[in-house]
Amino acid sequence: MSKTDQISQMNIDGCAHIFGDHIDTDIIIPTQFCTTTDKTELAKHCMNDVRENFYDSVQDGDVIIAGDNFGCGSSREAAPIAILGCGIQCVIAKSFSRLFYRNAVNLGLLVIEDKELYKRANEGDRIAVDLDTNRIFVNGVHVSCIQDDECGIVAEIVKEKGLMNYLLHNNMI
Amino acid sequence: MGQTLIEKMISLKLGRDIYKGQSVFVPVDIIMGTDGTTPLALKVLEEYNINKIKNPEKIIFVHDHFAPPKDISTANLSRMLDQFAKKFHITSYKEDRGGICHVLLPELGIMKPYDIVVGADSHTCTYGGLGIFSMGIGSTDMACAMATSKLWIKVPETIRIKVSGNLKSGVEAKDLILSIIGMLGTDGANYRAIEFCGSTIEKLTIAERMTICNMVIECGAKAGIINIDKVTEQYYYEKGIQDCQRIEADSDANYLETYEVEAEQLKPQIGCPYSPANVRNAEELIGTKINQVVIGSCTNGRIEDFRIAYQYMKGKQVHKNVKLILVPGSHNVLMQMEEEGMLKDFIKSNAIISPPSCGPCMGGHMGVLADDQVGLYTTNRNFYGRNGSPSSKVYLSNVSIAALSAIEGEIQVPEVN
Ligand code: SF4
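These protein sequence lines map, in sequence, to chains A and D. The first sequence begins at 1 in the working numbering and counts up one residue at a time. The second sequence begins at 1001 in the working numbering and counts up one residue at a time.
Note that these hints are calculated values from the structure, not bench results. C-beta: ideal position from N, C-alpha, C; glycine also. Please note that the accuracy of each hint is not assured.
Cβ-to-Cβ under 7 Å is the rule here; a few derived chain D residues that face chain A [stated by the list, open to error]:
hint, residue
1, D1017
2, K1020
3, S1023
4, L1040
5, Y1048
6, I1050
7, S1073
8, T1074
9, S1122
10, T1140
11, T1148
12, N1190
13, Y1191
14, F1383
15, G1385
Restricting the straight-line Cα-Cα distance to at most 20 Å, the calculated cross-link-like pairs of lysine to aspartate or glutamate (EDC-like) are [claimed, not checked]:
hint, chain 1, residue 1, chain 2, residue 2
16, D, K1043, A, D38
17, D, K1150, A, E156
18, D, K1094, D, D1115
19, D, K1070, A, E41
20, A, K115, A, D130
21, D, K1008, D, E1233
If you want a taste of the chain A side facing chain D, the calculated C-beta under 8 Å gives, among others [stated by the list, open to error]:
hint, residue
22, I27
23, P30
24, L131
Assemble the whole structure, with the sequences as input and the hints as a guide.
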C-alpha cells in the first residue's frame, strides 16, 4: 500500500516518532515548500529541519508523539496534509495548538490529547490505539485511555473522518 | 448567566443565547484566502465535486504571500486563484493594487461592526481591533465556508486583559502585546479569546489596536477583541458605515482569567529567537549585531508605522553592514508614503523598498536570511527556520527600535520617557 492510501480501519498500530514541545508549522512544513498542493511533495519536506529524512523513515500507520502545543503558528493546512502524506494517521500530543487541531479534525487526521503517553513512550516503540475501547498501548501494554471530551459537532466531524464528509452526509452541500 | 463580549457577538448572529464550550455552525460575513492557502481550498472543492459557491460577494482572495510570484509554481498558484475568481465572480486582489491581506481588508471598509470574519491565514485575528470576531481557519474550513457561507466554531472561553494608564513615549502597542505574550506564553491562550479593555486601550488608534489583536495568535488565541468605541465608530464613519450598534459584555460575565496591566511600567520589549514569547527588555539586547532589518508585515506595515520609522530615518544613512528592507503593507500605504514625501528620503537613506507583500516575514520569498545571519524585524514570528536558514536568528521589535538599529548597525533602543 502506498503512503497516501487511506487506512481503511481507523485502528492505529505503528512505530512512535517522538518530538518535543512547541513543534510549530514552520518545522512541520517550511513555507518555501508550501508552493504545491501535492500531498506527497509536501510530505517529503515534513519535519526535515529537525529530523533529516523523516519522510523516508516513516512507515504507513506510524504515530507522532509530541509534547505541548503541537502545530503552533500558521494556519497552513499543508502541515497536517504533510503528516498524512508521510503515512501517519494519528498524532498524540500533550496539547495541540488550536488551528492545527482544527485542521486535523477537518481532514480526518486523528489527534489525541494525552498528558501521560509522552512520558511513557520512547522512539521506535510500538504504539497501538484501539478506537473501539478508547485504549492506547505501548509495546503491547495498556498505558492510557483516550479522554474523549469532544462532543457535538466536533465529535461528529471526527466520526465522519473530516468536515467535507460531514457536510455531505448532513446535506449541507 | 452573564455573557462575555464574544458570547454576545455570536449570540447576536444566531439569535439565541450561546455560551463557551458550545460547538455551533455560524453564518460568516467575509471569507478571505491568500495565494498561500486558497489553492488547497480550491483543491478540496474540486475533490468533492462542488461547483457552487454560496455568496461570491462575501469571498476575497488576496495575493500576498508569494506576490509577485517568485517562480513558476507560485505563479501557477496565483493564476489558479485568478481563474477561479473569474469563473465564480469573486474579487481577487492582485499585487498591483493589493497588499498584505490584513492591511488591505481594513482599508477596503467591507467589514461591519460585530461581523464574523474568517480567513485562511492565522493572523486573521487582526480585525478584532475593529470590533469584529475574526479568526484564522484552514483550507478545508475555507472550502466549507465558500460552499455554505457557514462554519463550525467552538465558542471560546475569554481571558480579559485590562490595561490602564499612559504608555511612555518610545513604548509602542507592539511592546504591550509582546509583553502580554511573554506573560501568557505561546500556548497561554490556546483555544481562547482575549478581550482587551481599559483606559490605555481606549486611547489607542485603530492601527495600534490591530497591531495588538494581530499577535494574539502568538499565545494561541482564537481571537482578540477590542469593543467598539468612539475611535472605532470614527473608523467606520470614514468607511461610510454609520449605524454602529453597541453591545457590552455583561458585568457578571464568566471570564477564565482577568489580568491587570499598568501601562506606565512597560518598557520596550524584544521577542528573542526562536519564539515570540521569549521576550526580554529591549535594553538587555543593546549592542547585538544585526545583518538585516525589516519594517513591515501585517503587524507593523501600516502608514502609521512608516511615519514612526521616518522620524528616525530622515536625513540619516542605513549602517553599511546592514540591509534595511521596508515593506509597505499595501499599495495604498506605498502611495501615501510617496504623498507624504517619505519615500524619497527612505531611498536616499539606502533603504530597500519592497513591493507590498508578505516578503521576508515568512522567509518564503524576498529577503531570506543566509546561514547564521541575524535579523531585527517588526513582524510577528521568529520560529526556527521561519525567515530563512535554520541557523539564522530573528529578533522581534517595535518600529522605533528597528529604525534606530538599522542606522546604528546593532540593536539600539530609543530613550523612553
Ligand atoms: S505579513 Fe507575515 S504574518 Fe502577516 S499574513 Fe503575511 S506572512 Fe503572515
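We went through each hint and held it up to the structure:
no., hint, verdict
1, D1017, "16 Å, violated"
2, K1020, "13 Å, violated"
3, S1023, "4 Å, holds"
4, L1040, "5 Å, holds"
5, Y1048, "5 Å, holds"
6, I1050, "6 Å, holds"
7, S1073, "4 Å, holds"
8, T1074, "5 Å, holds"
9, S1122, "4 Å, holds"
10, T1140, "4 Å, holds"
11, T1148, "6 Å, holds"
12, N1190, "6 Å, holds"
13, Y1191, "5 Å, holds"
14, F1383, "5 Å, holds"
15, G1385, "5 Å, holds"
16, K1043/D <-> D38/A, "10 Å, holds"
17, K1150/D <-> E156/A, "17 Å, holds"
18, K1094/D <-> D1115/D, "25 Å, violated"
19, K1070/D <-> E41/A, "18 Å, holds"
20, K115/A <-> D130/A, "18 Å, holds"
21, K1008/D <-> E1233/D, "19 Å, holds"
22, I27, "6 Å, holds"
23, P30, "6 Å, holds"
24, L131, "21 Å, violated"
Against the hints set out earlier in the document, violations occur for numbers 1, 2, 18 and 24.
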